[in-house]
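Residue numbers (the working numbering), protein chains in the order written: chain C, 6 to 241; chain Z, 6 to 241.
Watch out, some of these pointers could steer you wrong.
All copies of an identical chain are treated as equivalent in the list; a pair is satisfied when it fits inside any one copy or across any two copies.
The calculated lysine to aspartate or glutamate pairs, modelled on EDC-like cross-linking and capped at a C-alpha distance of 20 Å, are [said to hold, decoys possible]: (1) 234 x 169; (2) 234 x 158; (3) 222 x 237; (4) 168 x 239; (5) 222 x 25; (6) 222 x 239; (7) 222 x 71; (8) 168 x 193; (9) 168 x 237; (10) 234 x 122; (11) 168 x 10; (12) 168 x 122.
To be clear, the hints were calculated from the coordinates, so they are not data collected in a lab.
There are 2 protein chains.
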Amino acid sequence: MRLAEGLIFASDTRTNAGVDHIATFRKMHVFEQPGDRLIVLLTSGNLATSQSVVGLLRHRCGLSGDCLLTVPNLYQAAVLVGATVREILARDSFNPTAGQSIDFGCSILLGGQIQGEEPGLFNIYPQGNFIEASVDTPYFQIGEAKYGKPIIDRVLRYQTPLKEAAKCTLISFDSTVRSNLSVGLPIDMMLYRTGSFTAATICRIDGSDPYFNQLRKGWGEGLRKVFAKLPDADWF
Amino acid sequence: MRLAEGLIFASDTRTNAGVDHIATFRKMHVFEQPGDRLIVLLTSGNLATSQSVVGLLRHRCGLSGDCLLTVPNLYQAAVLVGATVREILARDSFNPTAGQSIDFGCSILLGGQIQGEEPGLFNIYPQGNFIEASVDTPYFQIGEAKYGKPIIDRVLRYQTPLKEAAKCTLISFDSTVRSNLSVGLPIDMMLYRTGSFTAATICRIDGSDPYFNQLRKGWGEGLRKVFAKLPDADWF
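Can you make the complete structure from the sequences, with help from the hints?
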């Protein structure tokens, strides 16, 4: 989410290649130079591709040439990530032993702030091109996005305060976790206040987190109460 | 939905082949012999395939041989529909001028009751095989199902009264209509009470329906109130 007060990043940690290959991987990746820039990547899709993309981006931060710690603005950061996605796909997606049905693609959200700019948020497609969030559309989702979208559409606006947006984010994830096995706890979450350029802290929220449990319980009970109060149909 | 009191069927009416080919088609199809049976089909997926399947099933009701008005039970009805799906796909899906990316498949829900049996509900896959709803899983969705699933998962049980389940159905559709352009009003809806075997009435619910509007408004306002009452995160 790219909001008036700053940015929110959240990702679950479940990966799967069929129900018997479920594992826990961090999908949130931070590139930072305190005081100068914070860039966060969230990944979904093929884990081999997204790991290689992030690994290569990180590896190149020590070498000469453009990297996420040196690009002059977020737009160039998105260009760089998109190019790296294409590079990995060109290397890996031709595989004579692979079945035709394997999807090597990955989607990446890139957000953050670089000195001299406002914060920004980009949605980088598997093809390497991308779009940027705006005041009208202040958030992006990738991966298993649909279950958790209605609550965001109902309450989130560009002006929503960060802490309220964080609440919305967790409720949205809860809806998805309940309805789809491919999304699972813990959730990694980061709030970034515009202009802070500070080293970011990722909160890891698991099933024992008291605030998350309070939200889950309160939201579920609240929904059922609203539902119960609405009148039944009289036209049957 | 297949519930203790009976069955609920609901379908939207929007079809699309890209955003510039949007049209309104009924996706609910009724086969009935008052006093003996009621069979309802809900379709999603490729409209050419689903129209041909339903058309062929209806055409054959006047001919000799098995048809939906003569099969001895719902299981055989599902077998017949699955076989008809395969028949149409075998005819239509080889097309030398078609691009490789066209999905000819359709999914069909079949529900109803035949004298001598309890009501039943089947989910027929594009491959023609199928599964049946149970007390543990009393509902199926096909098509654009994810946005509207969380509310059903939260409130629907096998014992939920029909009128309450109808309310849940409309709220679920509202969530989907708000989040996805490919689903649109009006909604066709039918309630069937176990053992009635009566001619069914399909209610068509459009944007001017007072009850639907009351639900949309009450649900949206209720959700926002519950959301506002939940505490913001204190760990940032």
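Each hint tested on the structure:
1. For the identical chains of this complex, residue 234 and residue 169 are inter-copy neighbours only, at 11 Å across copies versus 25 Å inside a copy, given an alpha-carbon limit of 20 Å.
2. In the homo-oligomer, the alpha carbons of residue 234 and residue 158 lie at most 20 Å apart only across protomers (18 Å), although the nearest pairing inside one protomer, at 23 Å, exceeds that limit.
3. Taking the shortest alpha-carbon separations for residue 222 and residue 237, only the inter-copy value of 14 Å comes in at or below 20 Å, while the best intra-copy value is 25 Å.
4. In the homo-oligomer, the alpha carbons of residue 168 and residue 239 lie at most 20 Å apart only across protomers (8 Å), although the nearest pairing inside one protomer, at 41 Å, exceeds that limit.
5. Taking the shortest alpha-carbon separations for residue 222 and residue 25, neither the intra-copy value of 30 Å nor the inter-copy value of 43 Å comes in at or below 20 Å.
6. Taking CA atoms no more than 20 Å apart as the test, residue 222 paired with residue 239 passes between copies only; the shortest distance there is 17 Å, against 31 Å inside one copy.
7. Proximity of residue 222 to residue 71 under the C-alpha cut-off of 20 Å is found in neither arrangement, the shortest distances being 47 Å within a copy and 52 Å between copies.
8. When the C-alpha separation of residue 168 and residue 193 is checked against a cutoff of 20 Å, the pair qualifies only within one copy, where the shortest distance is 15 Å, while the shortest distance between copies is 40 Å.
9. Proximity of residue 168 to residue 237 under the C-alpha cut-off of 20 Å is restricted to the inter-copy arrangement: shortest distance 6 Å between copies versus 35 Å within a copy.
10. In this assembly of identical chains, the alpha carbons of residue 234 and residue 122 never lie at most 20 Å apart, being 48 Å within a copy and 35 Å across copies at closest.
11. For the homomeric pair residue 168 and residue 10, the shortest alpha-carbon distance inside one copy (10 Å) is at most 20 Å, but the shortest distance between copies (44 Å) is not.
12. Neither within a single protomer nor between protomers do residue 168 and residue 122 lie at most 20 Å apart by alpha-carbon distance, with minima of 23 Å and 55 Å respectively.
The structure does not agree with the numbered hints 5, 7, 10 and 12 stated previously, though it agrees with the rest.
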